[in-house]
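Participant: Residue strings, one per chain:
There are 2 protein chains.
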Amino acid sequence: MTLEEARAIDAADPLRPFRDRFALPEGVIYLDGNSLGPLPRATGPAITDMVDRQWGERLIRSWNEGWIDAPQRIGDKIARLIGATTGEVIVTDSTSVNLFKLIVAALRFDPTRTVIVSETGNFPTDLHIAEGAVACVPGATLNVVPRDRIGQAINEQTALVLLTHVHYKTAARFDMVEWTARAHTAGALILWDLSHSAGAVPVELNRCSADFAVGCGYKHLNGGPGAPAYLFVASRLQERLASPLSGWMGHAAPFDFADGYAPAPGVKRWLAGTPPMLAMAALESGIDLMLAADPSAIAVKSASLFNLMASIGDDLGLECVSPRDPARRGSHISFRHPQAYALCQALIARGVIGDFRDPDILRFGLTPLYIGHEDVVLAGQILAAILTEQHHLAPEFSKRYAVT
Amino acid sequence: MTLEEARAIDAADPLRPFRDRFALPEGVIYLDGNSLGPLPRATGPAITDMVDRQWGERLIRSWNEGWIDAPQRIGDKIARLIGATTGEVIVTDSTSVNLFKLIVAALRFDPTRTVIVSETGNFPTDLHIAEGAVACVPGATLNVVPRDRIGQAINEQTALVLLTHVHYKTAARFDMVEWTARAHTAGALILWDLSHSAGAVPVELNRCSADFAVGCGYKHLNGGPGAPAYLFVASRLQERLASPLSGWMGHAAPFDFADGYAPAPGVKRWLAGTPPMLAMAALESGIDLMLAADPSAIAVKSASLFNLMASIGDDLGLECVSPRDPARRGSHISFRHPQAYALCQALIARGVIGDFRDPDILRFGLTPLYIGHEDVVLAGQILAAILTEQHHLAPEFSKRYAVT
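Just so you know, the sequences run in chain order A and B.
Heads up, the first sequence is in the working numbering, so the first residue is 586 and it goes up one at a time.
Heads up, the second sequence is in the working numbering, so the first residue is 586 and it goes up one at a time.
Keep in mind that the hints are not guaranteed to be accurate.
Any copy, or any two copies together, can satisfy a pair, since identical chains are not distinguished.
Unchecked claim - Taking lysine to aspartate or glutamate and the DMTMM-like style, the derived pairs with C-alpha atoms no more than 20 Å apart in a straight line are:
1) Lys662 / Glu904
2) Lys984 / Asp654
3) Lys984 / Asp841
4) Lys754 / Asp844
Don't read these hints as lab results, they were simulated from the structure.
Just chain A, same shape as in the assembly (with noise of 0.2 Å):
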C-alpha cells in the first residue's frame, strides 16, 4: 500500500475523529497501546478537576459527592464494553490482586474440586498469582499445560480455568463461548482476562455465560500507568463467594466500624482498601472515550491495520506468529526476529514505538481509535530502512533496559 492509497483510507476511516481526542506527541507513531494506551485530551482536565476541585476544595466531601460510588459506576461503564450488566463488574485493584481474588474464591466454591487449569506462557502474572492462590487452599494444585492439552486437562478434579482471552506476545484469541462451554460441561468454572481484550475486540460475557473475569485499565481502555483493574463476577455467582481479601470497603456497612467481618451485597465485597481517586479519574475518562466508539468499527478498522501490517512483515520476511484470522486474534501483531529487542530499539530511536517480549517477539499495537493506515505504512517504512541498513546492529541498541 503506497502512503496515498493509506491516507485515502484514512480519510474515509469512520473512526477518523477519535484520533484527535488523544494527545499524541509529535514525530511519534505509537504502535504500543497495547501496553500503555496515551494520554486522552480529555482526561488533563478531568485530572485536575479531581485534583483542584474535589480533593483540593471539597476535601472529604467529595467522599459523599461521587467518590464513594466510582468503583461500581466505572464498573458499570465498562461492564457495557465487555458484554455484561450493571451490578457485575467493579474497579479495584491490581489484575494480579483481583487475579488471587478470584481464583481463592473459585477454589472453596466446590471442596470438592481441587485443581486450577491453566496455559504455559499465559501472562505471568496469572500464573505466579495461581501459584501464591493456590497455596492458601489446602488441597490445591495448579495445572499449567501447554494449549492444545488444556482441553483434556479439564476434568471433574478442576475447580477453575484460568484462561487468557487475547495471548500478551502472539495476540492468538480463544473462543470464549467454545471454552466457557468446556470449562463448564466439565463442571469447572472459568475466569477469562480481558487485558488484551477489552476495547480491542468484542467481548460478551454473558453470552458466553462466562463466570468470572479480570483485566486492566491501562491498555485498550487508556486509563494512565498502572491505571485501577476490575473484576467481573456474574450475577448469578455473586452471593456465593466471598473475597479472601477482606477488607474494610466490601464490608456490608463500612462505615459503622464493626469488629467482625460481613460481606457487602453484591459486586461490592470485592473491594479492599480505600479507592484511588486520582487514578479513578483517568480510568474513567478512558472509559467514557472508548463508550463514544462503535465496536464493529473497531473490529473491523483493527482488522484492515493488522493485513496491512501482516503484508508487510511478508514483504519484508518476518515471522509473523499471529493467527491471520481476525476472529482468532485481538488487536496487535507480533513477528519472532532473532535480533527482535535491537529492532524495538532502533524503531524507537526513529519514532516508531512498539515492544520487544523475551526472547525474540517484536510486537505492534494496532489500536484503531488513533492508529491510522498511513501510521503502519510509515512504520513500515522505517523497519524495512532500518533492516536494509542493518541499523540495528550498531551497538547502542543492545543496551537493555530495566523495561522492556
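Model the placement of chain B on the given structure of chain A, informed by the hints.
Facilitator: Chain B only, in chain A's frame:
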C-alpha cells in the same frame, strides 16, 4: 485563649511557612487531615508533569525514566519518616492488601505458631483482613481481645501481634518500644499499622526492632484520596518471607516472562501488580513536603494544639476520650457526645470540617503543618455557638450520608 493570643503564638510558629504550601479552601477550617490530608500546592504541577509529559509525551519510555523505580524510591523516602532504612519500605497496593500479605507471611514464618493477636476496636480493615488471612493458612486463628488483655494473650502460640500504633478513634498511642519487646519476648513477630502515626508522631521502627509495618498515604502524608499505601519489612527478615500475592512486579525478573514465580530480592518482592503512577506522583509530592518539616517541631505544636482543643472541650463540658499525655496519643482529639453525628454535620455546615466515628465520637485532626492555634480557637467558638443555639438539633443535620 483569645484569638489575639492564638495569632501571636502562630506568628512565632516555626512551622508557619508550611501552611502556605497547602491549597486550603477559603472559609474552611480543616480539622480532618487525619482522614484525608489536604492538597499540597506542589502536587498539581507534579500531577500535570506526570500526565502531560511523562504519560502523554514519553509514553512507555517513562517506565525506564523513573516509573519502575518509584515504589522503592518513594518507599525509601517514607523510611526516613518512620525510622527505617533504605530498602526496607516499598509503596504498593492499599493498607488492606499489604496487611493481608504480611499477616499470611508471618503465619508461615514459624508453623508452630498459629495465632494472630489483635485488639477489639482496632481499625476495622485490620481485623477484617486478619480474618481473611487466617482463613488462608491451615490451623491459624485470630484472637481479638481488649487492650488490657493483649499482654496476657501473647504467648508461645502467637505468630504475630497486630496493633495499630495510634488508635483511629481515641488517638491512644501504644508504646512501640514496650509492645515490640513484649511480642519478641514471647517469640512472636509484630506488625504496626502506622496509618494514623506516620507524619503525625515520632515513629522509630528500627530503634524498637519492629518486624513489620503498614500505613496509608492519604492521611498525614497528604498523598491524595486513596493514595498508594506502603509496607515495611525489617532487613533481617526480608529473605525469609515471601508474599502470598506473588504478582509479576514482585518477581525476580518480571521481564523474563517466566511461568514460575521467583521472588525478587529485598523489599521489591512485596509488589504485586503494575504500580499506579498518577497516584504515585501525588504521594511523592506529599512525602517530599513532609520530609522538609522538623519532626520535633511537629511534636511540640501537635501537643500545643491538642492542649488548646482539650481546654475548649473542657469549657464546653465535652467528654474527651483521647489521652492527655502527648506521649500516649496521636495528633487528633476525640470527644464523646450523644449527638456527635449531628454536631459534626452542623460544624461542617459552618465551615469546620471534622468527622464522626460511629456511634458517638466527634473527631478533630490537629495537623501542625497547616493548622494554627487561631483555627482551633475559631473552631471552638463555632462549636460553642452551635451547642448554645442547639443548632445541631435541626432536622437537616440528622441526614445520614454513605460515608461518615
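Participant: All hints, please: hold or fail.
Facilitator: Right, here's what the structure says about each hint:
1. For a Cα distance limit of 20 Å, the shortest separation of Lys662 from Glu904 qualifies neither inside one copy, at 38 Å, nor across copies, at 47 Å.
2. Taking identical chains as interchangeable, the C-alpha atoms of Lys984 and Asp654 lie at most 20 Å apart only when they sit on different chains, with a minimum of 18 Å there against 46 Å within one chain.
3. In the homo-oligomer, the alpha carbons of Lys984 and Asp841 lie at most 20 Å apart only across protomers (16 Å), although the nearest pairing inside one protomer, at 55 Å, exceeds that limit.
4. In this assembly of identical chains, the alpha carbons of Lys754 and Asp844 lie at most 20 Å apart only when taken from different copies (14 Å versus 46 Å within one copy).
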